[in-house]
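Chains as they are written, first to last, in the working numbering: chain U, 12 to 284; chain R, 17 to 252.
Just so you know, the hints here were simulated from the structure itself, not pulled from any lab data. Backbone N, C-alpha and C define an ideal beta-carbon position, used for all residues, glycine too. Fair warning: there could be bad hints in the mix.
[To be verified] With a Cα cut of at most 20 Å, we get these calculated EDC-like pairs of lysine to aspartate or glutamate: (1) K143/U - D200/R; (2) K203/U - D25/R; (3) K241/U - D36/R; (4) K143/U - E60/R; (5) K241/U - E205/R.
[Said to hold, decoys possible] Calculated from the model, a selection of chain R residues having no Cβ within reach of chain U, i.e. all distances over 10 Å: (6) S206; (7) V230; (8) F244.
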Amino acid sequence: MTTKFALGVIAGVVSAASLAAQEPWTGVSVQVKMPLEAKTLKGAPYSAETVSDRTQVLADGNRIVQHSTGRVYRDAEGRVRREEDRPSGGARVSITDPVAGVSWSLDPETHVAFRTSSVVNTTILNKVEAAKVEVARAAAAGAESRREGGDVAVFGPAGGLVELRRRGGATEQRTADVLTARPIEGVMAEGKRTTVTIPAGAIGNVQPLVTTTEEWTSPELQVLVFTDHKDPREGQSTYRLVNITRGDPPASLFQVPADYTIRETGIRRFERQ
Amino acid sequence: MTCASIASDLVDLARGLSPDAERARAIERHVRDCADCAARLDRERALSADMRRLADDTLAPPLDPTQEAAVLAAFDTAQMRSFGRSPKGSRSFLKRASAAVCVSGAVAAAIAWMLVRTSTTVARDDGGPLPSVSAPPSIGLIVEPPAVGSNVPSALAPHRRGNLAAPTTPIESTRFVLWPGADDLPTFESGHLVRMQLPATVVASMGLTPTSHVDVVEADVLVDQGGFARAVRLVP
Chain U
12 MTTKFALGVI
22 AGVVSAASLA
32 AQEPWTGVSV
42 QVKMPLEAKT
52 LKGAPYSAET
62 VSDRTQVLAD
72 GNRIVQHSTG
82 RVYRDAEGRV
92 RREEDRPSGG
102 ARVSITDPVA
112 GVSWSLDPET
122 HVAFRTSSVV
132 NTTILNKVEA
142 AKVEVARAAA
152 AGAESRREGG
162 DVAVFGPAGG
172 LVELRRRGGA
182 TEQRTADVLT
192 ARPIEGVMAE
202 GKRTTVTIPA
212 GAIGNVQPLV
222 TTTEEWTSPE
232 LQVLVFTDHK
242 DPREGQSTYR
252 LVNITRGDPP
262 ASLFQVPADY
272 TIRETGIRRF
282 ERQ
Chain R
17 MTCASIASDL
27 VDLARGLSPD
37 AERARAIERH
47 VRDCADCAAR
57 LDRERALSAD
67 MRRLADDTLA
77 PPLDPTQEAA
87 VLAAFDTAQM
97 RSFGRSPKGS
107 RSFLKRASAA
117 VCVSGAVAAA
127 IAWMLVRTST
137 TVARDDGGPL
147 PSVSAPPSIG
157 LIVEPPAVGS
167 NVPSALAPHR
177 RGNLAAPTTP
187 IESTRFVLWP
197 GADDLPTFES
207 GHLVRMQLPA
217 TVVASMGLTP
227 TSHVDVVEAD
237 VLVDQGGFAR
247 AVRLVP
């Protein structure tokens, strides 16, 4: 489910960059994948199907529509199995096992199970969180500069100056709304909506640009059951769980099949622990 | 503010040094209106980037004490084999020179063996070669140290660009940067870290600078449950 979408999104960015650089580029080559879970939750087992849809309407009226499906299983110990249906048939499977401290990415074609230590999961998410903090800090610096009515120096990850950018004047406005809880697919869900408005003229836009992100979370299962992201520049994307059932899935779902060859992803070696 | 008065500031800015906010604003205003200074700032930035790449390409990491000990132990062992006694007792220049020649030959053979491995094995970890991995040009190959029992001293295993590095020391990866627009997406709940090859121009547009001039780089992209890219980093 995610790979196809990801490649679509990334390919879009890649194409834009290639066009900007006037360089030909034919695609994105995927080499290794490892599953990541933002958190481990015990005592709330469930199974569900996942459905993702993405629709982008182009300026000439053309539409790009993507649809993908999969399944997710979580047992009482917090193990998670995710399956992504592939257009060619079959499903790509990933298993995150916090009890054993490993995650697996199963390749059904070659019958190879790629293993990664759970430590890598934590390390990577911490690094991404650090990147968010850096962005937030830069945004705060920009806000401070705007209060002073001036410009701001933008620094890159290595600390060097990237550019001197005018940040004064119109900037995006962000609002968050709590939505009334409602049942979705048999579970109660709490919702929130974030609206980001880029005022007219801020980036050359004639009219305000409004992006909305709605997400509904089951407090019982602690999972997203529905998300809806609308951006006039990119289109609409939804992710939802359907046919949610509570209860422990079969233990065999969280085990690597006996006929699989086990290999390391090698991603661990890149993490400073 | 004149061109001459900000000449040194432009160099500092390009090197990553930040003036105070007021002066930065004044410089920015001047640069915006002065094509010469704008061009100079661009040149200095390019020069800084090249210098950083050059430094990364040429600087060897400090020799790890473990490596040093391993090399010395290999030397001692070779000496003992040559003379059948402790090398500390040897005072003969001829014998020591002979031992040095023997060790040099062994080291050269080891390096040659590793170079052959480098050309055929990429990013091995505990369980074998990665699937369909092909290292992009000039990014550098990463090779596991020889297996236990190998005749090649582990201290000689090449890592990045053939430089000596401690085999047990994790290679520091670059930092993640957020993918454009990731801030506005739904909460990250699950996803994948996807190792892929991307055009260098893509990662450069996000503030990641490859350490050498290449068209394609290897990168880790964090993709969420909805299929959106959240963050990216270069793979060292």
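Compare the distance between the alpha carbons of K143/U and E60/R with 20 Å, and conclude whether the hinted pair is satisfied.
Distance of about 29 Å is beyond 20 Å: violated.
Checklist entry - Any Cβ of chain U at or closer than 10 Å to S206/R, or is the non-interface label fine? => result At about 5 Å from chain U, S206/R fails to clear the 10 Å cut-off, so the statement is violated.
Report task. Measure nothing beyond the straight line between the CA atoms of K241/U and D36/R; if it is 20 Å or shorter, mark the hint as holding. Result -> violated (40 Å)
Agreement of K203/U and D25/R with the hint, judged by alpha carbon distance not exceeding 20 Å
The hint is violated at about 47 Å.
Given hint E205/R paired with K241/U - CA-CA distance at most 20 Å: holds (19 Å)
Verdict on V230/R as a residue remote from chain U, using beta-carbon distances over 10 Å
holds (12 Å)
Query - Pair hint outcome, K143/U versus D200/R [Cα-Cα no greater than 20 Å] - result: holds (12 Å)
*Non-interface claim for F244/R: all C-beta distances to chain U beyond 10 Å?*
violated (6 Å)
The structure fails hints 2, 3, 4, 6 and 8 (numbered hints given earlier, in ascending order).
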